[in-house]
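Trainee: In case you want the letters, here they are:
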Amino acid sequence: MSVLVVGAGLAGAAAGLALAEAGVEVVQVAAGPGATALSAGTLDVAGASPGIATLPWRDALRGSPLLPRERLALHRRGAPSHPYAQLFGAGEEHSLPEREIEAGVARLAAWLAPLGLVLEGGLGANRLLPTVAGTLRVADFAFAPAARADLLEASDVAVVDAPALEAWDARALARTLAHEIDALGLTKLPVSVVHPALPAGLFAQPSPARVAARLDASEARAALANALTGFGAEGRVLLFPPVLGIERCAELVAALEAASGSRVAEALSFPPFALAGFRLQRALDAALAAAGVRRVHARVQRLAAAGDALELTLAEAGERLVADAVVLATGRFVGGGLVAGSETVSETLLGLPLYDADGRRIDGIPARRSARKGYGNEQPLFSAGVRTDRRLRPLAASGRPRHARLFAAGDLLGGFDPARERTGLGVAFVSGLRAARAALESLRAPPASSGGMP
Amino acid sequence: MTRFLRTRVLVIGGGINGTGIARDLALRGVDVLLVERRELGSGTSSSSSGMIHGGLRYLQKDPEVTHHSCVDSGAIQRIAPHLVFRIPFVMPVFPEDPLGPELVEIGLEMYDRYVPFKNGRPHTRLTRAQALALEPALSERIECAFTLDEWGVDAARLCAANALDAADRGASVLTHTEVMEILRDASGRVNGARLRDRIRGDETIVEAELVMNATGPWAPRLAELAGERVRLRPGKGIHLVFERRVSHIAIYARGVDGRDMFTFPHEQNSMAGTTDDDYYGDLDRIDVTEDEVAYVLQAMERSIPGIREHRVLHAISGVRPTLFGFGAYEDELSRDYEVVDHGAVGGAPGLYSMTGGKLAAYRLMAEDAANQLCAALGVEAKCRTAELPLPGGEATADLAALALRFRVGLPAATRLAFRHGTRARGVLEAGDDAHARGRRIVCACEPVLDAELRHVARAEGLRKLSDCTLRVRLGVGACQGAGCAATAAGVLAEELGWDAARAVREVAEFAASRWRAVAPVLAGAQVGAMELHRHVNFGMLGLAEEILP
Chain B
1 MSVLVVGAGL AGAAAGLALA EAGVEVVQVA AGPGATALSA GTLDVAGASP
51 GIATLPWRDA LRGSPLLPRE RLALHRRGAP SHPYAQLFGA GEEHSLPERE
101 IEAGVARLAA WLAPLGLVLE GGLGANRLLP TVAGTLRVAD FAFAPAARAD
151 LLEASDVAVV DAPALEAWDA RALARTLAHE IDALGLTKLP VSVVHPALPA
201 GLFAQPSPAR VAARLDASEA RAALANALTG FGAEGRVLLF PPVLGIERCA
251 ELVAALEAAS GSRVAEALSF PPFALAGFRL QRALDAALAA AGVRRVHARV
301 QRLAAAGDAL ELTLAEAGER LVADAVVLAT GRFVGGGLVA GSETVSETLL
351 GLPLYDADGR RIDGIPARRS ARKGYGNEQP LFSAGVRTDR RLRPLAASGR
401 PRHARLFAAG DLLGGFDPAR ERTGLGVAFV SGLRAARAAL ESLRAPPASS
451 GGMP
Chain U
1001 MTRFLRTRVL VIGGGINGTG IARDLALRGV DVLLVERREL GSGTSSSSSG
1051 MIHGGLRYLQ KDPEVTHHSC VDSGAIQRIA PHLVFRIPFV MPVFPEDPLG
1101 PELVEIGLEM YDRYVPFKNG RPHTRLTRAQ ALALEPALSE RIECAFTLDE
1151 WGVDAARLCA ANALDAADRG ASVLTHTEVM EILRDASGRV NGARLRDRIR
1201 GDETIVEAEL VMNATGPWAP RLAELAGERV RLRPGKGIHL VFERRVSHIA
1251 IYARGVDGRD MFTFPHEQNS MAGTTDDDYY GDLDRIDVTE DEVAYVLQAM
1301 ERSIPGIREH RVLHAISGVR PTLFGFGAYE DELSRDYEVV DHGAVGGAPG
1351 LYSMTGGKLA AYRLMAEDAA NQLCAALGVE AKCRTAELPL PGGEATADLA
1401 ALALRFRVGL PAATRLAFRH GTRARGVLEA GDDAHARGRR IVCACEPVLD
1451 AELRHVARAE GLRKLSDCTL RVRLGVGACQ GAGCAATAAG VLAEELGWDA
1501 ARAVREVAEF AASRWRAVAP VLAGAQVGAM ELHRHVNFGM LGLAEEILP
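Going line by line, the protein sequences match chains B and U.
Heads up: the first sequence at position 177 corresponds to 177 in my numbering, and the numbers run straight through without jumps.
Heads up: the second sequence at position 441 corresponds to 1441 in my numbering, and the numbers run straight through without jumps.
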């Protein structure tokens, strides 16, 4: 039994890892890293706040804050096209989805831990994480060292100044952070800027990625740890720019925490300064390799049925790969699963119909015509993706699954707006595991007649 | 609380006309107050092609416009050499064109007579092979081609430079300040205005001997405050802005209706345009329509067959304050200008309005207007705007020396000196503190340095983050500010004393303003860029409440 996974992001990786663990031969085809590599360091399963238009998250946090599991329930009861509604139904039974997600996260954590990436959090408590701009993000799960900044667990925050670094302004961050903390009415949580004597040369240059690469070296690690002595305090978060190493991040953070006696954390950052996403991408790639998943670096030109099997034709060499099932986890526009031409928007591989959160088709018309006025309005273009049945099989225009053993996961799924809801990696991860499960079930079942693939 | 101010001339409108008049008057020693409702140059001036050309196309009907545009273009090059760049053009001739090469060349020979005024070179005639070798983007269907020479300018910076010079000579400049009421004395003479600061919300009563309405397409609305009528034939024009150069040099194209249009290199981009349509809509929200975009691309496609392969970043739109004319098509209306004395032709002595005109001839028009105002004031000082350089235009900056001395990249030094001329050195010196924060690149697309943001906040009266797109070209590259707006807001917050809530709101406003510019032309790779843009602003920065309508 073999499965082809198309896409290198978290959705494809989760599917690939789960399938490999079940003993399936998995080949992953991807032209480059997934959009996951541009993510910020959180794994937002429940989103910051469903229906933010009616429920501002700051209000949600004041008084009696909504817990992640309550936000998850709201997503399920919201638009019926939302992947969570599709996967878990809109019913009142909450414990099953919650158990499924927490068990899934535990699996992901176990896959990533050997690679030095620590995943923290749960559906029962909020985490409040600062960004490089000093604004606050609510999160349920997050990767260390960003996760270690949780302000709900801190007694004070010390922002580390690094004046030469691009996109890091400790003073501005501290000002905004103090304001946000105040606006939330949190109990006294002082914010300060600290100026440890950072090792000469290490932080002298502007590129965050280069600083991070240098900090992988053991001498640099020791020198930075040495510089932090005396800057620690009980319950303090020492907030760093997102440069704490690439491959040896966990060791660096451990060394800095030992030296300072504080929690050492990174602020959440964004492309092109985000290293958290890059670390996650590297760890996923390594975990897949360790699980025996073969990686083929190529763009897929064609996907077609070949008897009961499915056949992928690769773009450059024209090589063909055949498998019993395919998981499409190609993402949206950034990932490459959707493409906008000058006059049309389409799904890249099969021309699958694309639906927005309100169930309207947006493929076949120019992107500009789907763009609504008002940046903050619901934008059909950015809630659009393929529609699937309950087993995550993408539907053709007829409403029937395109193929009995073709599955979709991640941002390619339509019906939700990951940026507005902040559920991007969460949906990717949860649907990736579900797609793997559905693929396994289909492989164990006797071959059914395929669904009209060309 | 209301403030009271007194000035001799109140100039309303911070576009090229208003800033040009304010500078002219200030150089003559006249006390001036300039008010602008939004950012300097944010109306028609910055939504023009940014070309200071003579207007080959006006030659037939308005040779006077061509003449004074060419002469004044030469003057702008003299006083603001740092802001001006040469734009060589190629004009293809197709087999089906109604005018054959010979007739086209006669027109160009006539134009050659004006070209020396603006330091241009005379036209040349190219064979098909020569033209295609020179500009590979051209259609292979051409019969032959001609070259001609024009000039571009950063129009928003040109407005800022005029306003800065006026301020250096004693004028006051208030941006984001709206005229709420035109005041009159008992005899009915206009003697001032009531102003409202749109950011702070406070009011100012200004007493003035004369009031100059230089509000471009808004001129009728402003005049109406004094019960006066100004007639315009407002003509909307759009340009498409491409992510990078579509062609080495500018290329003429023809619209389906026969109008002349072009694609031309402009600063770090290429632009294509323009349209000219009667406009009756909201001047404060000039939306770009799908029709206009299709019309421009269709026109360009004939000259540049690959035009649709290029990535359009965003569109700009504006409305020309064209002189009123009845019965003519938009394109045939005169590009001349008028200064209206509402004491002579109406019932509001003390009020003047400027209508019509061209960016290329702004200095001359300002001179004419200032002459009239000075005559009314009894001021005899002569105009000096053609001789004295604008701020930064005094000499040529040594880019390599700047880059070496302050350890910034040559591209950053070049762009900084383009905007600030000789003042670039001072900008870098001020940012050269112990930590050299000033050398940090805030926006990599342009690039914009930390020091430049601090400079425009400290020394140029910048008031809003979203004004940085015009003032320093922040966030107008591929990522549309996703990577730089938050950092820039931090810098400005420190300089301008914004509290955190204001800084966050400024980032949200910036993001929303970029969406307005991008959405009408959203296609291709830019869709992915905007997907990321939303992830950064909503997902990462958590700006939901500030952004949501």
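Hint data in this document are derived by calculation from the structure and do not stem from the laboratory.
No experiment lies behind these values; they were computed from the predicted model shown.
Hints may contain errors.
16 Å max Cα-Cα, derived EDC-like pairs, lysine to aspartate or glutamate [as the list claims (entries may be wrong)]: (1) B:K373 - U:E1509; (2) U:K1464 - U:D1197; (3) B:K373 - U:E1290; (4) B:K373 - U:D1287; (5) U:K1464 - U:D1433; (6) U:K1061 - U:D1282; (7) U:K1464 - U:E1394; (8) U:K1464 - U:E1495; (9) B:K373 - U:D1284; (10) U:K1061 - U:D1287; (11) U:K1382 - U:D1368; (12) U:K1061 - U:D1336.
Trainee: Run the distance test for K373 of chain B versus D1287 of chain U: straight-line Cα separation, threshold 16 Å.
Mentor: holds, 10 Å
Trainee: Does the structure keep K1061 of chain U and D1336 of chain U at a Cα separation of 16 Å or less?
Mentor: holds, 11 Å
Trainee: If you draw a straight line from the CA of K1382 of chain U to the CA of D1368 of chain U, is it 16 Å or shorter?
Mentor: holds, 11 Å
Trainee: Measure nothing beyond the straight line between the CA atoms of K1061 of chain U and D1282 of chain U; if it is 16 Å or shorter, mark the hint as holding.
Mentor: With Cα atoms ~30 Å apart, K1061 of chain U and D1282 of chain U exceed 16 Å; violated.
Trainee: Given the hinted pair K373 of chain B and E1290 of chain U, is their alpha-carbon gap at most 16 Å?
Mentor: holds, 13 Å
Trainee: Do the alpha carbons of K1464 of chain U and E1495 of chain U lie within 16 Å of each other, as the hint requires?
Mentor: It holds: about 12 Å lies between the C-alpha atoms, which stays within 16 Å.
Trainee: Given the hinted pair K1464 of chain U and D1433 of chain U, is their alpha-carbon gap at most 16 Å?
Mentor: violated, 24 Å
Trainee: Given the proposed pairing of K1061 of chain U with D1287 of chain U, does the C-alpha separation stay at or below 16 Å?
Mentor: Measuring from Cα to Cα gives roughly 30 Å; hence the hint is violated.
Trainee: Going straight from one Cα to the other, do K373 of chain B and D1284 of chain U come out at no more than 16 Å?
Mentor: holds, 15 Å
Trainee: Between the alpha carbons of K1464 of chain U and E1394 of chain U, is the straight-line distance 16 Å or under?
Mentor: violated, 29 Å
Trainee: Would you check the hint for K1464 of chain U and D1197 of chain U, treating anything up to 16 Å between C-alpha atoms as holding?
Mentor: Holds. K1464 of chain U to D1197 of chain U sits at ~13 Å (cutoff 16 Å).
Trainee: Would the pair K373 of chain B and E1509 of chain U pass a check requiring their Cα atoms to be no farther apart than 16 Å?
Mentor: Given pair K373 of chain B, E1509 of chain U holds - Cα atoms ~14 Å apart, limit 16 Å.
In summary, the structure is inconsistent with hints 5, 6, 7, 10 from the numbered list given earlier, while agreeing with the others.
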